[in-house]
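Number of protein chains: 2
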Amino acid sequence: MANFSEFQPLNENTLIEYIKSIPALSSKLANNFSDISVKEVGDGNLNFVFIVSNSSGSLVIKQALPYVRCIGESWPMTKERAYFESLALKEEGKLCPEHVPEVYHFDRVMSLIGMRYLEPPHIILRKGLIAGVEYPLLAEHISDFMANTLFYTSLLFRSTTEHKRDVAEFCGNVELCRLTEQVVFSDPYKVSEYNRWTSPDLDRDAEAVREDNLLKLEVAELKSKFCERAQALIHGDLHSGSVMVTRESTQVIDPEFAFYGPMGFDIGAYLGNLILAYFSQDGHADQANDRKGYKAWILKSIEDTWNLFHDKFAGLWEKHRNGAGEAYLPAIYNNPEVQLLVQKKYMTDLFHDSLGFGAAKMIRRIVGVAHVEDLESIADTGKRATCERRALNLAKMLLKERRSFESISEIVSAIQQF
Amino acid sequence: MANFSEFQPLNENTLIEYIKSIPALSSKLANNFSDISVKEVGDGNLNFVFIVSNSSGSLVIKQALPYVRCIGESWPMTKERAYFESLALKEEGKLCPEHVPEVYHFDRVMSLIGMRYLEPPHIILRKGLIAGVEYPLLAEHISDFMANTLFYTSLLFRSTTEHKRDVAEFCGNVELCRLTEQVVFSDPYKVSEYNRWTSPDLDRDAEAVREDNLLKLEVAELKSKFCERAQALIHGDLHSGSVMVTRESTQVIDPEFAFYGPMGFDIGAYLGNLILAYFSQDGHADQANDRKGYKAWILKSIEDTWNLFHDKFAGLWEKHRNGAGEAYLPAIYNNPEVQLLVQKKYMTDLFHDSLGFGAAKMIRRIVGVAHVEDLESIADTGKRATCERRALNLAKMLLKERRSFESISEIVSAIQQF
Chain A
1 MANFSEFQPL NENTLIEYIK SIPALSSKLA NNFSDISVKE VGDGNLNFVF
51 IVSNSSGSLV IKQALPYVRC IGESWPMTKE RAYFESLALK EEGKLCPEHV
101 PEVYHFDRVM SLIGMRYLEP PHIILRKGLI AGVEYPLLAE HISDFMANTL
151 FYTSLLFRST TEHKRDVAEF CGNVELCRLT EQVVFSDPYK VSEYNRWTSP
201 DLDRDAEAVR EDNLLKLEVA ELKSKFCERA QALIHGDLHS GSVMVTREST
251 QVIDPEFAFY GPMGFDIGAY LGNLILAYFS QDGHADQAND RKGYKAWILK
301 SIEDTWNLFH DKFAGLWEKH RNGAGEAYLP AIYNNPEVQL LVQKKYMTDL
351 FHDSLGFGAA KMIRRIVGVA HVEDLESIAD TGKRATCERR ALNLAKMLLK
401 ERRSFESISE IVSAIQQF
Chain B
1 MANFSEFQPL NENTLIEYIK SIPALSSKLA NNFSDISVKE VGDGNLNFVF
51 IVSNSSGSLV IKQALPYVRC IGESWPMTKE RAYFESLALK EEGKLCPEHV
101 PEVYHFDRVM SLIGMRYLEP PHIILRKGLI AGVEYPLLAE HISDFMANTL
151 FYTSLLFRST TEHKRDVAEF CGNVELCRLT EQVVFSDPYK VSEYNRWTSP
201 DLDRDAEAVR EDNLLKLEVA ELKSKFCERA QALIHGDLHS GSVMVTREST
251 QVIDPEFAFY GPMGFDIGAY LGNLILAYFS QDGHADQAND RKGYKAWILK
301 SIEDTWNLFH DKFAGLWEKH RNGAGEAYLP AIYNNPEVQL LVQKKYMTDL
351 FHDSLGFGAA KMIRRIVGVA HVEDLESIAD TGKRATCERR ALNLAKMLLK
401 ERRSFESISE IVSAIQQF
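Line by line, the protein sequences give chains A and B.
By UniProt numbering, the letter at position 100 of the first sequence is numbered 100, and the numbering carries on one by one without gaps.
By UniProt numbering, the letter at position 259 of the second sequence is numbered 259, and the numbering carries on one by one without gaps.
Since the hints were made in silico from the structure, they are not lab data.
As the structure is a prediction and not an experimental result, all values here were calculated from the model.
Each residue gets a CB set at the ideal place from its N, CA and C atoms; glycine is no exception.
Mixed in with the good hints, there may be bad ones.
Calculated lysine-lysine pairs in the DSS-like style (CA-CA distance at most 30 Å, straight line) [stated by the list, open to error]:
| hint | chain 1 | residue 1 | chain 2 | residue 2 |
| --- | --- | --- | --- | --- |
| 1 | A | Lys190 | B | Lys312 |
| 2 | B | Lys319 | A | Lys190 |
| 3 | A | Lys344 | B | Lys225 |
| 4 | A | Lys300 | A | Lys319 |
| 5 | B | Lys312 | B | Lys345 |
| 6 | A | Lys225 | B | Lys400 |
| 7 | A | Lys344 | B | Lys190 |
| 8 | B | Lys344 | B | Lys225 |
| 9 | B | Lys190 | A | Lys345 |
| 10 | B | Lys225 | B | Lys383 |
| 11 | B | Lys127 | B | Lys94 |
| 12 | B | Lys90 | A | Lys225 |
| 13 | A | Lys225 | A | Lys319 |
| 14 | A | Lys344 | B | Lys396 |
| 15 | A | Lys396 | B | Lys127 |
| 16 | A | Lys94 | A | Lys319 |
| 17 | A | Lys396 | A | Lys344 |
| 18 | B | Lys400 | A | Lys345 |
| 19 | B | Lys344 | A | Lys225 |
| 20 | A | Lys345 | A | Lys319 |
| 21 | B | Lys396 | A | Lys345 |
| 22 | A | Lys94 | B | Lys225 |
| 23 | B | Lys292 | A | Lys396 |
| 24 | A | Lys225 | B | Lys127 |
| 25 | B | Lys319 | A | Lys225 |
| 26 | A | Lys345 | B | Lys127 |
| 27 | B | Lys345 | A | Lys400 |
| 28 | A | Lys344 | B | Lys400 |
| 29 | A | Lys225 | B | Lys225 |
A short, non-exhaustive set of chain B residues, derived as facing chain A with CB atoms under 7 Å [said to hold, decoys possible]:
| hint | residue |
| --- | --- |
| 30 | Ala168 |
| 31 | Cys171 |
| 32 | Gln231 |
Could you put together the complete structure from these sequences and hints?
Laid out in structure tokens, this is it:
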């Protein structure tokens, strides 16, 4: 019998022992271990992920290791991140249960989360985007997730007492924040051993990023917001690899980077990754499918996502205008003109933040350490470089000129021009 | 023998017993209690302050009570603030020992700080400003305090690991932050039982503040920064009542409102209170002294304070450019042009923040709960109202148009025009 009172990485055998010892987990399998199947599917960068199932049911066990899995033990990374992931999953699950997998069990010593298995045909959204699959409810669902999780954890709904308590708690997730600071806001703008890009095609482009003073000025402002501004509980890594989808279902997973940060970081991460998916389509086009229709769908999804988010977020604000939120007290913001004025400013600032963070997330996926499969899977490097350069140039423009855009339709037009 | 193992408010008798029980305190009096003198001098709003002295030495005992002293037990206020005050005094004392009184002892159970007694002729700066006393080293000293405490606790000097650790700790001072949120950013802009103003003279002016949508828009932005932006360890209440002075010495006291917040809140509090002092001078003018010379000195002090702060802060930045600070990594901000660009933006944003917070602090002192003696001590209500209206109108203009100012000399010109 293994000892689970101190941390140990599980394997397929000890995993079963572990599940047997935890009723909240074994009950999901009807305590039947005779026909059990276990599959390790952690294709992410950081963790072990086991799918455990039998004829009665299924679950997922996710275990954090004390280093970045894709790089190895040379890049240590606190396994305490599992604690923050479980906190975030539970909070997001309360605020948006339709789009967050249920947590069955958390074990801080083992850095282990037991949760719902998102059964087939759920796949990672990124893989669906590469395959050219349209998801008719995606924008509706993801805007629900963003509006609910961001609004309800902000000072539009919360008291400053609750806010400071939760900000303090999530300050503990500093190591994951530091990973983001490095790979998003720092490495792409300097010479770093971790950076890579399609070479030699993009050598000059990568160098241009490192030599662009105005770009560096803007990225510093975003980094400052990321490090200093506790606006809401953000997912912290809301790209298309953190979303699982079917045509009917959208589930947001993997919030291990969660902390109180700027809302625009989540919105931007999601939109930026859709834009990367858009620019990768030409690399996936072939004689059977020119991907033109799919590119139009992605653009529509980008536009819908922001517009739906905007309206839902503003709707929640309206609904809770006289609630406990302390940012805009109803006794002060007491007439329609001033309510419109503050909301317009809030949403415009959030839009510009989202564009900035989205652009930064695109840039880092092209000249930084971790790339996206949307582009990586384009075998022809010349084609890939062309797609990447368009995305990079759009992102640089967005980062520098984001404040001149007023609506998402202007962004869609700009994307089409690159 | 009293029992100090649980909280009790001290009186002049139990105070002596307490001091006897603490070597770090009794040693300051050479353990000699025969010729001791005790004086309670807490003229502030929140605490007991005892001066204890004998022929061998002296010390101050400051004890926090579990309510706002000036209002009474009906306004509860955690006595845990003494813990955060002691933390801040120690940190500020390390960073700027010349301008912060030494802490001898802290007792969390008793909410009690034992510290250096600032001996005569030290007086509260506000009283000196009312009396018309010039302090030739004041701008030099206070700019030292602000530059050192703000720079060294910001991400210009610190790693994000240290930053998040300390941000989390000071999140515990939430009740004091909430008091500021209420009295600075909320009450003056709504009907509140606590508000008062020179009536009936300023009735219409107070109403105009409550009805000014653009003012409310701007104050919301500042409140958001106050609640969400952990830029540096700020004093949190840096007005002229929190500074003790002689011609040679400047000492910053009372950081019980300290937390990680926007730097401009400290700078603005200080400058805003100097501007209030300026506008109060006409109310103190008489045939013997028209105060014109003194008004010019105040204006010069305002200008010098910002300019000296700017140069010292920029100097510290330059000095530590290659240090551990993580906001602007030297490998990214690696050429003089980009260094100038980011510094110019940083200092301009900080200037505008300071103007905004300073203006908000002025407004609340004229139409909010707690007024300043500079104006309150003008016996002639008509004269007082005139001074207050000028200050209020300047502050409203500054709050709304702060982004159009580029230098402190433009602010001085604006002050002179009101």
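Comparing the hints with the structure gives:
In summary, the hint linking Lys190(A) to Lys312(B) is supported, as the alpha carbons are separated by about 28 Å, within the 30 Å threshold. Under the criterion of a C-alpha separation no larger than 30 Å, the hint pairing Lys319(B) with Lys190(A) is consistent with the structure, at around 22 Å. For a cut-off of 30 Å, the pair hint linking Lys344(A) to Lys225(B) stands: about 18 Å separates their Cα positions. About 28 Å separates the Cα atoms of Lys300(A) and Lys319(A), which keeps this hinted pair within 30 Å; it holds.
Our distance criterion of 30 Å between C-alpha atoms is met by Lys312(B) and Lys345(B), whose separation comes to about 16 Å. Note on Lys225(A) and Lys400(B): the hinted pairing holds, with a Cα-Cα distance of about 23 Å set against a maximum of 30 Å. Only pairs whose Cα atoms come within 30 Å are accepted, and Lys344(A) paired with Lys190(B) is accepted, the gap being roughly 21 Å. Only pairs whose Cα atoms come within 30 Å are accepted, and Lys344(B) paired with Lys225(B) is accepted, the gap being roughly 20 Å.
Of the pairs offered as hints, the one joining Lys190(B) and Lys345(A) holds, with about 21 Å between alpha carbons and a cut-off of 30 Å not exceeded. Taking the CA atoms of Lys225(B) and Lys383(B), the gap is about 35 Å. The hint is violated against a cut of 30 Å. Our distance criterion of 30 Å between C-alpha atoms is met by Lys127(B) and Lys94(B), whose separation comes to about 28 Å. This hinted pair checks out: Lys90(B) and Lys225(A) have alpha carbons roughly 28 Å apart, not beyond 30 Å.
For the hint pairing Lys225(A) with Lys319(A), the CA-to-CA distance comes to about 28 Å; that is within 30 Å, so the pair holds. For the suggested pair Lys344(A) and Lys396(B), the alpha carbons sit about 22 Å apart, so the restraint of at most 30 Å is met. For the hint pairing Lys396(A) with Lys127(B), the CA-to-CA distance comes to about 55 Å; that exceeds 30 Å, so the pair is violated. A C-alpha spacing of about 18 Å is found between Lys94(A) and Lys319(A), which places the hinted pair at or below 30 Å, so the restraint holds.
Distance hint between Lys396(A) and Lys344(A) is fulfilled; the C-alpha atoms sit about 26 Å from each other, no more than 30 Å. Proximity of Lys400(B) to Lys345(A) is assessed by CA-CA distance (about 14 Å); at most 30 Å being required, the pair is judged to hold. Taken as a hint, the Lys344(B) and Lys225(A) pair is honoured in the structure, with Cα atoms around 18 Å apart against an allowance of 30 Å. The suggested pairing of Lys345(A) with Lys319(A) holds, with an alpha-carbon distance near 19 Å, which does not exceed 30 Å.
Proximity of Lys396(B) to Lys345(A) is assessed by CA-CA distance (about 19 Å); at most 30 Å being required, the pair is judged to hold. A distance of roughly 28 Å separates the Cα atoms of Lys94(A) and Lys225(B); the hinted pair therefore holds under the 30 Å criterion. Between Lys292(B) and Lys396(A) the CA atoms are separated by roughly 54 Å; this puts the pair beyond 30 Å, and the hint is violated. This hinted pair does not check out: Lys225(A) and Lys127(B) have alpha carbons roughly 40 Å apart, beyond 30 Å.
Between Lys319(B) and Lys225(A), the direct Cα distance comes to roughly 24 Å. Compliance with the 30 Å bound is thereby established for this hinted pair. At roughly 41 Å between alpha-carbon atoms, Lys345(A) and Lys127(B) are farther apart than 30 Å, so this suggested pair is violated. Proposed proximity of Lys345(B) and Lys400(A) is supported: the alpha carbons are some 14 Å apart, at most 30 Å. Note on Lys344(A) and Lys400(B): the hinted pairing holds, with a Cα-Cα distance of about 17 Å set against a maximum of 30 Å.
The suggested pairing of Lys225(A) with Lys225(B) holds, with an alpha-carbon distance near 11 Å, which does not exceed 30 Å. For Ala168(B), the interface hint holds, since its Cβ comes within 7 Å of a Cβ in chain A; the closest pair sits about 4 Å apart. Hint on Cys171(B) holds. Least Cβ distance to chain A is approximately 4 Å, under the 7 Å limit. The restraint placing Gln231(B) at the interface with chain A holds, with a minimum CB-CB distance near 6 Å, inside the 7 Å limit.
Consistency with the previously given hints fails for numbers 10, 15, 23, 24 and 26, ordered from lowest to highest.
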